[in-house]
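Here's the letter readout for the chains.
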Amino acid sequence: MILEAKGIIKRFGGIVALNKVDVSVAEDEILGIIGPNGSGKTTFFNVISGVYKPDEGSVIFMGKNITGRPPHIIAKMGIARTFQVVRPFPSMTVRENILIGAYFSGKHKSSSYIDILVDKILKLTELSSKADLPAKALNLPEKRRLEIARALALEPKLLLLDETLAGLTPAEIDHALEMIKKAKSEMGLTIIIVEHIMRAIMKISDRIIVFSNGIKIAEGTPSQVASDIKVIEAYLGKPIQGEG
Amino acid sequence: MVVDIVFLQTLVNGLLQGSIYGLVALGLTLIWGVMRVINLAHGEFIILGAYTAFWMFTLYSLQPLISLLIGIPLGFLIGIVIYVGLVKRVVNGPELSSLLVFFGLSMILQNLMLTYWTADVRGLPILYASINIGSITIVGDRLIASVIAIILSTFLLILLKYTYFGRSIRAVVQDTDAAMLMGVNVNYIYAMSMSIGIILTFLGGILIALTTPFTPYQGGIYTLYSFLIVVLGGLGNPLGSLFGGLLIGIIESYTATYWSSGISPAVAFLLLLLVLIIKPEGIFSRRR
Amino acid sequence: MINLKDLTTLSIIGFLVISLLILFIGSQSLIAFFLTLLELLILAYSINIITGLTGYVDFGHAVFYGIGAYTTAFLIVNINTTSVTPYLFSLIGGLVAAFFALLIGAPVLRLKGAYFAIATLSVSEAVKVIISNISALGGSYGIPLARYVSYDVVSAYLAMWLTLLFTIVLAIWISNSKFGYGLRAIREDEIAANVMGINTSLYKLMAYVLSALVAGVVGGISGILYVYVSTEYFKVDISVKMLVSMMLGGQGTILGPLIGAILYYVIQYTLVTSYPFLHLLIFGTILIIIVLFIPEGLVGIIKRRFKQLKLR
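Residue numbers (our numbering), protein chains in the order written: chain A, 888 to 1131; chain B, 752 to 1039; chain C, 3 to 314.
Since the hints were made in silico from the structure, they are not lab data.
There's no promise every hint is true.
What the hints assert, rightly or not - Calculated pairs, DSS-like style, for lysine-lysine (alpha carbon to alpha carbon, straight line, at most 30 Å): (1) Lys996/A with Lys180/C; (2) Lys237/C with Lys951/A; (3) Lys309/C with Lys1010/A; (4) Lys7/C with Lys1010/A; (5) Lys180/C with Lys1007/A; (6) Lys114/C with Lys940/A; (7) Lys1010/A with Lys180/C; (8) Lys1030/A with Lys1007/A; (9) Lys994/A with Lys180/C; (10) Lys180/C with Lys1023/A; (11) Lys1030/B with Lys237/C; (12) Lys180/C with Lys1044/A; (13) Lys237/C with Lys1030/A; (14) Lys1069/A with Lys951/A; (15) Lys1023/A with Lys309/C; (16) Lys963/A with Lys114/C; (17) Lys1007/A with Lys7/C; (18) Lys1030/B with Lys940/A; (19) Lys305/C with Lys1010/A; (20) Lys1023/A with Lys305/C; (21) Lys180/C with Lys963/A; (22) Lys839/B with Lys305/C; (23) Lys839/B with Lys1023/A; (24) Lys114/C with Lys839/B; (25) Lys1017/A with Lys305/C; (26) Lys7/C with Lys996/A; (27) Lys180/C with Lys1017/A; (28) Lys7/C with Lys1023/A; (29) Lys309/C with Lys1017/A; (30) Lys305/C with Lys1030/A; (31) Lys940/A with Lys180/C; (32) Lys1017/A with Lys7/C; (33) Lys114/C with Lys1030/B; (34) Lys114/C with Lys1023/A; (35) Lys114/C with Lys1030/A; (36) Lys1007/A with Lys309/C; (37) Lys309/C with Lys1030/A; (38) Lys180/C with Lys1071/A; (39) Lys180/C with Lys1030/A.
Keep in mind it's a predicted model, so treat the numbers as computed, not measured.
Chain A extracted, bound-state conformation (with noise of 0.2 Å):
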């Protein structure tokens, strides 16, 4: 197990946006989460990667306790992610982008590793052309894979992907699923996705865990959740009579 988190409760004034969730996921595998909204997937990242500190409970990540830690810390320590609303450096070019993630992966690297490191990461996110653009000037699909290559140059174990197909056409969410494949296994990464586009993330799951109302309702492979009856009323809402 690459990440343990362990009875990790975390609330909001009155609101408990997680309660008492068990998550692991195993080094290779690609997790995915999904849940309606408001569900706490997006919260979870948060906990994971140092943005929130939970109340209770506990996150172990590569054997060490990184509960509570603060997020550059964990990022250091090889956890990255993306936002659900994308956040690149606007001023900033693709490139320098990228270089912030390679510069302060805490891995002492030479500079001529990191040249290769970024133009690695940029031929894999197919950004190589809009390398010297600055950031805000790219339309959405491309700074949704500038969120992943940022990430990306931290080297990470563990990426953490938070509804990055979200606005996308069909088309370019198979672009995109294969780019994720791609840069697994040519990073060796173990990833956790946070999807509402079904179709994606039953195609590119190992496994994956149900959550609604900040507790975890199901787990298993894509096919058994899908027919799980209560990941179905948690979308669909309970039958109007009684029972069943």
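Once you have looked at the hints, place chains B and C on chain A.
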């Protein structure tokens, strides 16, 4: 028994002064809370109001209370002009812009006042008799000013709480985009908030003329005091501003009586720093 | 085809050479003119390190200038050494200012945007009031230094020039370093910078402390130059002067503070001499115009022109 009287007198003075501070802070919290712009010229508008009262009295023998009536349309007009001319352009921009724009405005206003009205200390003569309760003296001018400040503040609070207009303002303070989606004409609310804010500031200045002497250089200290009160009370929280004003009035009063009046600005600033660091949403704010 | 980097290098070297030459061949009034300009330049570069690079608007930067001045004055009055140049004390003044930044930086840099600006302004004003109430530091009269140092334009000029040289080298080093990249990332998006492995709290504090060091040193030199130190050194006008100069030129750049300060200084100089009573008013108007219409400063305009020329 002598100490008790000093203590009570200081308290009374503090409350009286504080209610006026609360009124002018109301103007600032409205502008800042609604439009998120930092009006660094706030103090200069107060002094402008004070000068209005002064000249109306000196030239036309108009009582300050009558000047209040003039202050309303005058403040409204100035508010609209400033909004359309300046604020509208910086409302959605970076903070440095609005800070500098208003600082520029404060320089312009201060310089204008200095040029045309000189740096002479101005004030109004004592207009109302004082009341004595036991050994406590309540200065008449201060009492009247305080009462009016409370009336105006209450009026604004009622406006904000019970009218559609007031609710629209509160909606914009909480979430501008959502308010827009709900059909609120945000531009109109901005303009109105600016105007009402300036009116309150102006009227506060008139009341200050009634109680304290002033010069064009004093704008800055009033600006910073108002910021302190707004931060203490919570941004966009009118009731908080009133309580904050009273609190600052009391603190200033006690500092002046038991330490020195020269040091009270420093006490105010240090308090501001403490609040910003410990609880930036304000002491009286209900949100965490 | 000239680019921005070449233009920057050319301008900086050009200005440094010219300003040094002025000391040897210039007239008294020209030297005095440049002396004040040098001071403003250093201050503009100083605030560029914190505000220009991280985006945190320091509205009370004058506090470091004043602390540097007062520390230097205090040392001059109380340590009577004729063998040591008083300018050494200005270095200590810078260190004391930097230490003060270290103390207040950690809590104050946790604030965002306008709150940070108000907090820094409050610090500056509070220190001003507190010092004017301490008689050991001269109270509201300040500390006159005529008995201890003599008015010497030449050594002050050299001290300023050397400080400017050091400051520019510092600015260039920061700009090209990992540190500088990190600061710029903080300005672009602080949360993203954090998850990218940048220790934002540490970086912000380091920028703040460095900027304070520079401001403190120049405060000390000014104190010696004017043979007088008072709470005037803490005035908000000085903080705003620095901010506007930096903004006018273009924040976060290396060329920006240079051309911004020069332009500001020239404008202010002409206004004060032509309109001694209305200069504040005219200046306030110009400030507003700058902020509303050329927020990225002159360097921004230059960059755009270069882009246009490239595209042709």
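Status of each hint after checking the structure:
no. : hint                     : result
1   : Lys996/A with Lys180/C   : 13 Å, holds
2   : Lys237/C with Lys951/A   : 51 Å, violated
3   : Lys309/C with Lys1010/A  : 26 Å, holds
4   : Lys7/C with Lys1010/A    : 28 Å, holds
5   : Lys180/C with Lys1007/A  : 21 Å, holds
6   : Lys114/C with Lys940/A   : 20 Å, holds
7   : Lys1010/A with Lys180/C  : 24 Å, holds
8   : Lys1030/A with Lys1007/A : 18 Å, holds
9   : Lys994/A with Lys180/C   : 13 Å, holds
10  : Lys180/C with Lys1023/A  : 22 Å, holds
11  : Lys1030/B with Lys237/C  : 27 Å, holds
12  : Lys180/C with Lys1044/A  : 23 Å, holds
13  : Lys237/C with Lys1030/A  : 45 Å, violated
14  : Lys1069/A with Lys951/A  : 28 Å, holds
15  : Lys1023/A with Lys309/C  : 16 Å, holds
16  : Lys963/A with Lys114/C   : 25 Å, holds
17  : Lys1007/A with Lys7/C    : 28 Å, holds
18  : Lys1030/B with Lys940/A  : 19 Å, holds
19  : Lys305/C with Lys1010/A  : 29 Å, holds
20  : Lys1023/A with Lys305/C  : 16 Å, holds
21  : Lys180/C with Lys963/A   : 15 Å, holds
22  : Lys839/B with Lys305/C   : 27 Å, holds
23  : Lys839/B with Lys1023/A  : 25 Å, holds
24  : Lys114/C with Lys839/B   : 23 Å, holds
25  : Lys1017/A with Lys305/C  : 19 Å, holds
26  : Lys7/C with Lys996/A     : 27 Å, holds
27  : Lys180/C with Lys1017/A  : 23 Å, holds
28  : Lys7/C with Lys1023/A    : 22 Å, holds
29  : Lys309/C with Lys1017/A  : 16 Å, holds
30  : Lys305/C with Lys1030/A  : 24 Å, holds
31  : Lys940/A with Lys180/C   : 28 Å, holds
32  : Lys1017/A with Lys7/C    : 22 Å, holds
33  : Lys114/C with Lys1030/B  : 13 Å, holds
34  : Lys114/C with Lys1023/A  : 23 Å, holds
35  : Lys114/C with Lys1030/A  : 26 Å, holds
36  : Lys1007/A with Lys309/C  : 28 Å, holds
37  : Lys309/C with Lys1030/A  : 23 Å, holds
38  : Lys180/C with Lys1071/A  : 28 Å, holds
39  : Lys180/C with Lys1030/A  : 24 Å, holds
Taken one by one, the earlier hints fail for this structure at numbers 2 and 13, listed in ascending order.
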